[in-house]
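Undergrad: Residues per chain are reported as follows:
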Amino acid sequence: MNVSTGKGGFNQIHEYDSLPHSSNRSTKPEMALNRADVEKIAHLARLQVDEQEAKAFAASLSRILELIEQMNAVDTTGVTPMAHPQEAGLRLREDRVTEVNAREKFQRNAPATERDLYLVPKVIE
Amino acid sequence: MRWEPVIGLEVHIQLLTQSKIFSGESTRYGAEPNMQACAVDIALPGVLPVMNKEAVRMAVKFGLAVGAQINHRSVFARKNYFYPDLPKGYQISQYELPIVSRGHIDIEYDGAIKTIGITRAHLEEDAGKSLHEDFHGLTGIDLNRAGTPLLEIVSEPDMRSAQEAVSYLKKLHALVRYLQICDGNMQEGSFRCDANVSVRPRGQTELGTRSELKNINSFRFVEKAIKFEIERQIDVLEGGGTVVQETRLYDPGKDETRSMRSKEEAHDYRYFPDPDLPPLEFDESFVKAVKQTLPELPDAKRDRFMSQYGLNAYDAGVLTTAREMADYYEEVVSASGADPKLVANWVTGELSGYLNKDNREIADSAVSSTALAGMIKRIADSTISGKIAKEVLDAMWNGEGDADAVIEKRGLKQITDMSAIEKVVDEVLAANPVQVEQHASGEQKVFGYFVGQVMKATSGKANPKQVNEILEKKLRS
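Taken in order, these protein sequences are the chains called C and L. Sequential numbering of the first sequence, starting at 225, is according to this note's numbering. Sequential numbering of the second sequence, starting at 152, is according to this note's numbering.
Chain C extracted, bound-state conformation:
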């Protein structure tokens, strides 16, 4: 797997770990994204962006982060962080095998198969 390990300012905020749980945060991260940040995010998502697009994304993504920063200013002490917009609990199913084999049908859609395997370009760690 070849993944960029370059450090961008975005590292500060993209980690779920560092999501604020209350507003008493002392450090205020730098919100504006630069082109390097956008390129890194694009690479992680395996998206190809040209220079023009990178500039546009940097601007629009920065606006989203500004909005988040506004929300960070709200005092949420004592509020349980929400994990899902709906007030729903997870539906559970009984542990039963209900699927029937449909391999042939699925593999007809695949670009390449051999000996029942899906074939992809060579990956070596």
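Hints listed in this document are in silico derivations from the structure and should not be mistaken for laboratory results. Ideal Cβ placement from N, Cα and C applies to all residues, glycine included. Where hints are given, some of them may not hold.
[Said to hold, decoys possible] Stretch by stretch, here's where chain C covers chain L in the computed footprint (C-beta under 8 Å, at least three residues): (1) 166 to 173; (2) 182 to 189; (3) 196 to 203; (4) 232 to 238; (5) 283 to 291; (6) 428 to 436.
Chain L: place on chain C using the hints.
TA: Chain L only, in chain C's frame:
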């Protein structure tokens, strides 16, 4: 400088469910490639995951068994990375709010008991398998395993040696099998271990930079890989270098670890709550219901074996390492009605020898618990001696039938007829006048020689106790 190793383990156990964690596809091992990969598993557009209740029960069961906090609300998150055996481009896991947190397992090492903390245990799905053999320069993907439920059990960095790490791992292995939430098969990958290893100068509180060891899927490899890694890091540090945080692969052939990739990318998983799955919530009654299904756990069983059967700690420990072994032992005790210590000797001794030799688990023993009980009964009622019993067991193991049939067929019934034994004793004494003379002049050790001769003459079938009695009587007169 004295160095202190610090080790934490991450263990992935495959949960023993019938179906996958988020789909109704089978989890059976060994199917033809992609026979067990449904639309959800291969991530066709428009599919949605539906959580398997049994996987939740099993995670809670584990949490209860290690005295952990069971979180009545936990959250599934997406761990994003690209690899062809991960069809969705993310793995559904738990990140910030796992189902189980803060438990512990007690290990015994060097006669002392040590508590190893369990940081957390969380539910997640397994990925598929990549086959890198030659497909004209391409890689083959089998998605049968994709979506198999896993419980990742993360320990605190509480272990200080490779041996402690192995003790912990063995304890955990026994536990999940007792709980019947994992078959523990390391070859098939049902029980996988990664180790985080670092060293620091003795007395220092902060941790050194760690490396993560992969591909250590046997108890022996875990020990060897960790030992190697500790030595390697000490060499680096003593040579004035610094340890790099990275993932290292253990190569059993060379008995060394080598760098796999920089761990820095770990910060690039971009976890976020999975919008397809609302929080997993259950109430205390669910937990209580799971609690009722908890079996007697290994430590409790060992203590009971010591008090109930009068076994020593070692035998009780050996017999309770696997639940199947403990059950087998108790079946033999109850079916034979014989001395529990005698039964323990046969199970941990001869029988285990045969199991090891044929590389079999107790569940596949060629001699069933009922059959072994039948044989031990014949020792208890003096039909055969312990020595002859070994021959009987060997025949039983090789399919010659039950103990009574073997004894009958081979004529192994012990000779308990006094006059018959007396006759042999007389013959032995008559044939060895020199030794009789020696005994008369006070050489007591010749006695053993006579016993041996009598046993030899009766092909070991004479009742040893009676032989002793008769010999004593005859030699005194």
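Undergrad: For a quick check of understanding: which of the numbered hints are violated here, in increasing order?
TA: none
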